[in-house]
Every structure is written in C-alpha cells, then in structure tokens.
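Work out the full structure: start from the sequences and follow the hints.
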Amino acid sequence: MDQNKLLNDCLRHKASAQRELYEHFAHSMLGLCYRYTKSMADAEDVLQEGFIKVFKNLHQFNGTGELGAWIRKIMVNTAINYLKSESRYQYDLSFAEKNLHPVSDDNPELILNAKELADLIRQLPTGYQMIFNMHAVEGYTHVEIGKILGVHEGTSKSQYARARALLITWISRNTLDNKTDMYARK
Amino acid sequence: MRENEFEKQVREKMDHLGFDPRDTVWTAVDKEINKEKKRRIPLFWLFFLPALLMAGGAYYLIEHKGSPDAIAKNLQQPELNKNQISQPEPKSEKKDKKTEELIDKNIKPEENSTIQTSQRNSQRKSSAESKKSAVANKKTPSGSIDKKQSGEYRQNSIPEKGDDIVIENYNHKSTQSETGNPNKNVLDSTAGKVIAGLAVNNSVLDSSAGKAIAGITANKNVKKDSVSESAAAKNKNQKTKSSTWQFGITGGAGISNINQGLFSSVKTLNITTAANAAAYPPAPANPTTYSSSEIKPGFSFETGAYVQRNLSRRISLSAGLNYHYYSAKIKTGDKGNAALYSPYNTTSFTGNTFYQNGNVQTFTEQYHLIEIPVSANLQLNKSSRVPFIWEVGLSLGYIVSSNALYYDPNANIYIANYQQPNRMQVNAATALMIGFHLHKNEMQVGPQLQYGLTGLLNTNDGNPGHLFYGGLKISYILPKK
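Those protein sequence lines, which keep their order, are chains A and B.
The opening position of the first sequence corresponds to residue 1 in our numbering, with each subsequent residue numbered one higher.
The opening position of the second sequence corresponds to residue 187 in our numbering, with each subsequent residue numbered one higher.
Since the hints were made in silico from the structure, they are not lab data.
Do not take every clue at face value.
[To be verified] Dumping the calculated BS3-like pairs for lysine-lysine here, alpha-carbon to alpha-carbon at most 25 Å:
(1) A:K53 <-> B:K194
(2) A:K73 <-> A:K53
(3) A:K14 <-> A:K115
(4) B:K194 <-> A:K147
(5) B:K217 <-> A:K73
(6) A:K56 <-> B:K221
(7) A:K73 <-> B:K521
(8) A:K56 <-> B:K217
(9) B:K221 <-> A:K53
(10) A:K157 <-> B:K217
(11) B:K221 <-> B:K568
(12) A:K73 <-> A:K5
(13) A:K115 <-> B:K194
(14) B:K199 <-> A:K115
(15) A:K5 <-> B:K568
(16) B:K217 <-> A:K53
(17) A:K115 <-> A:K73
(18) A:K73 <-> B:K199
(19) B:K221 <-> A:K14
(20) A:K84 <-> A:K147
[What the hints assert, rightly or not] Label-pair restraints from in silico Cβ distances:
(21) B:K482 <-> A:T64: 48 to 58 Å
(22) B:R571 <-> A:R88: 27 to 37 Å
(23) B:S570 <-> A:V143: 21 to 31 Å
(24) B:S570 <-> A:H27: 29 to 39 Å
(25) A:E153 <-> B:N190: 10 to 20 Å
(26) A:E66 <-> B:G447: 32 to 42 Å
We put the CB at the ideal spot given by N, CA and C, even for glycine.
Written as structure tokens, this is what we have:
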C-alpha cells in the first residue's frame, strides 16, 4: 500500500481508496475497540464512529508519523468518549477509590492467547479496563491518562495497580485451570 | 521477570488481536462520508448563485445606464417630471438660436411663465399630448396637480424624436453677482413652486405604491393561508429538532468613498445630466471651463445585529439590520449663503447654502444609511477551531440623511442640501472572515468590501457615483442559552 497515494485519493473522496484504507485498518482497530468495550456490538459502534472521524479529519494528518498510530489515537479517544457517554458503562466508570483490590508485583507468564487475554481485560470494571488498556497496551503515561480522563496522576497509578493485580489473579487462576484440564485429559 | 515484562507480553498479545467487522459498519461509514460529498453540488450553487446574480445585476446597471431606455426611464421619474423638461433633439446651430430666443423672452421679468418651443412645431413631429400637458401645467397651480395629470406628466416626459422642448419655470438670469463672478446664478422664487409640485407628485406616487404594497401583502396572506396547514406540520417537526439559528452582533470600520467603478474614485458628483445639459442655455461667448476638486476617501463604520441559520456544517445564511456611516472628503472654497436658483430646474434645493470651488477648506460629506444585509457564508476550510469563512451577499440600504455636496459645473459651485435622488441603495458585499473562540464564544474578523450597485444620482453621463466601503469587519456570535 502506497500510503501517500492512498491518502491523496482519500482526500479526493475517491470511494475505492476510502474502502481500501478502511479494510487495511478495520481488523486491528476492531481488536482495539473490543478491548475497551464490553460487547462486540459496542466495539463495532466505536469502530464506525472512529472511522467517520478518521475520514472527516484526514486532511489534518500531517503525514510525518505512522498513519496507523494516528488512526489508533482517534479510536482510543472515540472509545473513551463512547464509554463516558453510554449510560450502561457509568456504574463502574467511577475512578473513586471504592473497590479495593490487592496490589501485586507478580509477572505471570502469559500462556493465554490474545482473545482470551482480551476477554479477561474486558471483565475488569470499566474504569480499570480503560486505564489498563491505556497504560499497558497503548503506552500512555499516567500524566497523560490523568489529563485525558480528567483525574489525578496518582489516581491513575493506583487504579492501574489494582487493575493489574486483579488481572494477574485471574490470569493465574485461568492458567491453573487450563493446566488442571490438561492434566485431567492426560 | 522484570516488572514491566508483564506489560510487554500484554502489548505483544494485544497487537495480534483483531476481528473482521460486519459489512454494516462500512456501509454506515460510507453513507456518512458520502452524505457530505453529495451536499457539495447544491452548496456550490447555493453559494455561487447570489454571486452570479450580483454580477448580472451589476452588468445590467452598468450597461443600461447610458442607453435610450435608461434615459427615458430617468425622464419618467418624478423628479424630472417636476422639471418638465423633454428630451431635446441633438444640438444644432439653428436650435441654439431658437434657444437663445427663448431665453431672451424668458429673461423679461413680466414673463414668469412657461416657455414652449412651439415655434419648432412646423419642423417637427407634433406631440399633442405633451402640449396639452404643458398647457395644463401652466394653468394649474403646481400644488394642485391631480393623479391624472401626474400620469400625463409621466407620459409626456417620455421623449420621442421630434417632440417639443417644453421648458417651464425657466427663469434663468445670467447676471453678475456682487462679488463679480459672472457665472454665479441666482435662485428664482419659482423654484419653490416646482418643489411644491414635486412633493405632490411624490405623494401621489407614494399612495399608489402603498396600494400596490397592500395588494402584495394581501396576496401573501392568501398564500400563507393556503400553506398554513403544511407549514404548521413542518413547524411541529422542526420543534423536535435542535435550533440551528444563531444571533450575533457585528461592527466594522474602514474607509469609504464615492466611486465610479469598483476601485476607481469619482472626481466629482456632477448634477448636470445629458438631458438637462441640452436644456441649459448655450455657453457664453468666451466660455470658461471649470473643474472641481477630487473626492477623497473618508472614515466609515457600521454596526448592527444579525441572525444566522446554519444549513450545514460549512454553509449558512444570514440577515441583519445595520447602521452604516459613509463619508468622503472634498476641498471647497468659501461657504456662501445666497439665493440660488437652478438653471436646469432639475435640482431640488431645500436651502440656499453653497460652497465655492476652491482649495480653502476640506468638507466632509456624510451619508447615514440603514441597511438590511443578506449574505451566504461558506466555510472554506474544515477546521472548527479556526474557520475561514467567505461571505457574499447583497444589502438593501436607505440613505436616511446626507450632507453631500454636488458640483454645478456651470455655476462652478458646490450645492449643499441637494435632495438626494437615489435614497434606496442596493449594495454588493463580500468579506473573508477568520473565526476564533473567545471564552467559548465565537468571534469572526476579516476584511470586507461593499460597493453600491445603485448610483447616487440619476445621471446618464456614466458617472452617477457609487458608495464604496472597505474595512475590517468583526462579528460576535452570541452564546446559545
């Protein structure tokens, strides 16, 4: 894919180029949206909104960085806005220190596949899920997360630590269950 | 395993996470982005149609100013009706002699009455109606002209080849003034009568116009009734939608001038038209040619309020109500205050102030207008933070008052208190605005040009004078409640 040509054609509103750009990124971006939401339908809604933003703001892409990274950023922002606006995500979106979870520094070996790991991430409370995705996967710093979500840097750090601990517990349990199943089958 | 090893593993795993979306996602995306694309064609026409109309209007006005039809139209206008000057035939020596005869006759003080060039009837195609009209005017006091008569005036004032030259109230005296200026003219008391006649004509016209307006309004009401049901249904639907109306205040300041073309300044506003120039007595044996001072730009400002309706993200229509002050400067001589009279009977004086031609002082001509601007606004870029907006439109203006000076080249003076002939002005306006947000409210600022499509004078010498304004415009969109 010649990125510049594709971009120019998209800016000229060439339908085939728009379709090509969409097809090139839709697969991985739906994975991203899947991690932030609780259902595939919501993930597709975010993907749809995100791509509309991408095509409407494509002229703002200066071409210096990776197009994929730029689209990814738009998708993350769209997902955050979506979660904030949808009432069904409100109940556990609060970043207040209500649910205390143990903090763990363990680094378990991940023998889960991507889908299984994503499904575990999606089981986290929405606030934890969001911060975990932003920091662990997207690589945002806690300062950046604090600015984006409008929370204190410390809150982001503590929420992340608890999300991480919870996830590690689930991963360990899941791994143990998998091993038990494997031995049982043997 | 180091602490961030877990994050690294998660990132690697998640990089490979992907799903194929359903086709409905692309369909929805495609539909949304093509909606914008499909809008473009009507938006283009919506924006350029007013521009085309404006260009057409300007072309029409420019092209038809000097045509015979335009002259006929000018002569049909009440102001010239008052003067009762028919279109003369081209000048000839023979004619000039006769005109001289007429003037000689008219100079006699006891003959304070109509002069008809009936002597030429044998040589020309006679116009019975014009004669009749002239006689009627002679007999009837100017203040008691009825509708029928005014109608006749209009008819008679349309020039035909070979028509009589009828010059009423022509009481010209080319006398030397006390100051010794041989070209100073003196106002005759009959001018007042003519003005009175004019006033009556105007009122007659106004009343008929009023009826016409009433008729139009009535028609509108009928139409309104017929569509009221559908409109009501539409309103119901609209109420459910969020309002796209915005209100704002606007202002601007810059320079104004009286232009001949869009960017060419007028030297002077000359009250002599081709029609009355012919009626003017022949030049003296040793004619002196005078030239006036040039009109220079002056300060101008405008202020008003407007309402704007967004048709889409990038197109909007707006209409408003503005007060606009125009000014221009001209060098004059000393101010005079004497009894003036118009040799043409075309001017309508309401005072007796004049300024001599010269370079003694700078006079500021002022025009106070109330304007109703209507414009189409197109956002040229897609940025919502810093939008570039091109405005194009028309404004209907009315000259509420003016102290403009009009040059009389024969008397070599500037006449003050000259009754503004074209009070109603149609202006073309365009502006390039840049928007920015100030405390969550939007402001726009940019250069603006405005040019009067309507001339200030009803002249067919190609120089009626057009109001021109160029300045900086500022608009402030009031926040929605």
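Here is what the structure says about each hint:
1. A:K53 <-> B:K194: 30 Å, violated
2. A:K73 <-> A:K53: 11 Å, holds
3. A:K14 <-> A:K115: 35 Å, violated
4. B:K194 <-> A:K147: Answer holds: B:K194 to A:K147 is near 24 Å, not above 25 Å.
5. B:K217 <-> A:K73: OK: B:K217 and A:K73 at ~23 Å, within 25 Å.
6. A:K56 <-> B:K221: Holds, at about 11 Å.
7. A:K73 <-> B:K521: 75 Å, violated
8. A:K56 <-> B:K217: This hinted pair holds, its Cα atoms lying about 13 Å apart.
9. B:K221 <-> A:K53: With Cα atoms ~14 Å apart, B:K221 and A:K53 stay inside 25 Å; holds.
10. A:K157 <-> B:K217: 41 Å, violated
11. B:K221 <-> B:K568: 15 Å, holds
12. A:K73 <-> A:K5: Cα-Cα ~22 Å, so holds.
13. A:K115 <-> B:K194: The hint holds at about 16 Å.
14. B:K199 <-> A:K115: 9 Å, holds
15. A:K5 <-> B:K568: 21 Å, holds
16. B:K217 <-> A:K53: Holds, at roughly 13 Å.
17. A:K115 <-> A:K73: Judged against 25 Å, a Cα distance of about 21 Å means the pair holds.
18. A:K73 <-> B:K199: Holds, at roughly 19 Å.
19. B:K221 <-> A:K14: 14 Å, holds
20. A:K84 <-> A:K147: Holds - the C-alpha atoms of A:K147 and A:K84 are around 15 Å apart, at most 25 Å.
21. B:K482 <-> A:T64: 48 to 58 Å: Given about 52 Å between the Cβ atoms, the range holds.
22. B:R571 <-> A:R88: 27 to 37 Å: Distance hint for B:R571, A:R88 holds at roughly 32 Å.
23. B:S570 <-> A:V143: 21 to 31 Å: Hint holds: Cβ distance 27 Å, inside 21 to 31 Å.
24. B:S570 <-> A:H27: 29 to 39 Å: 30 Å, holds
25. A:E153 <-> B:N190: 10 to 20 Å: With a Cβ separation near 18 Å, A:E153 and B:N190 satisfy 10 to 20 Å, so the hint holds.
26. A:E66 <-> B:G447: 32 to 42 Å: About 55 Å separates the Cβ atoms of A:E66 and B:G447, which means 32 to 42 Å is violated.
Figure legend: structure checked against the earlier numbered hints; hints not met, in rising order: 1, 3, 7, 10, 26.
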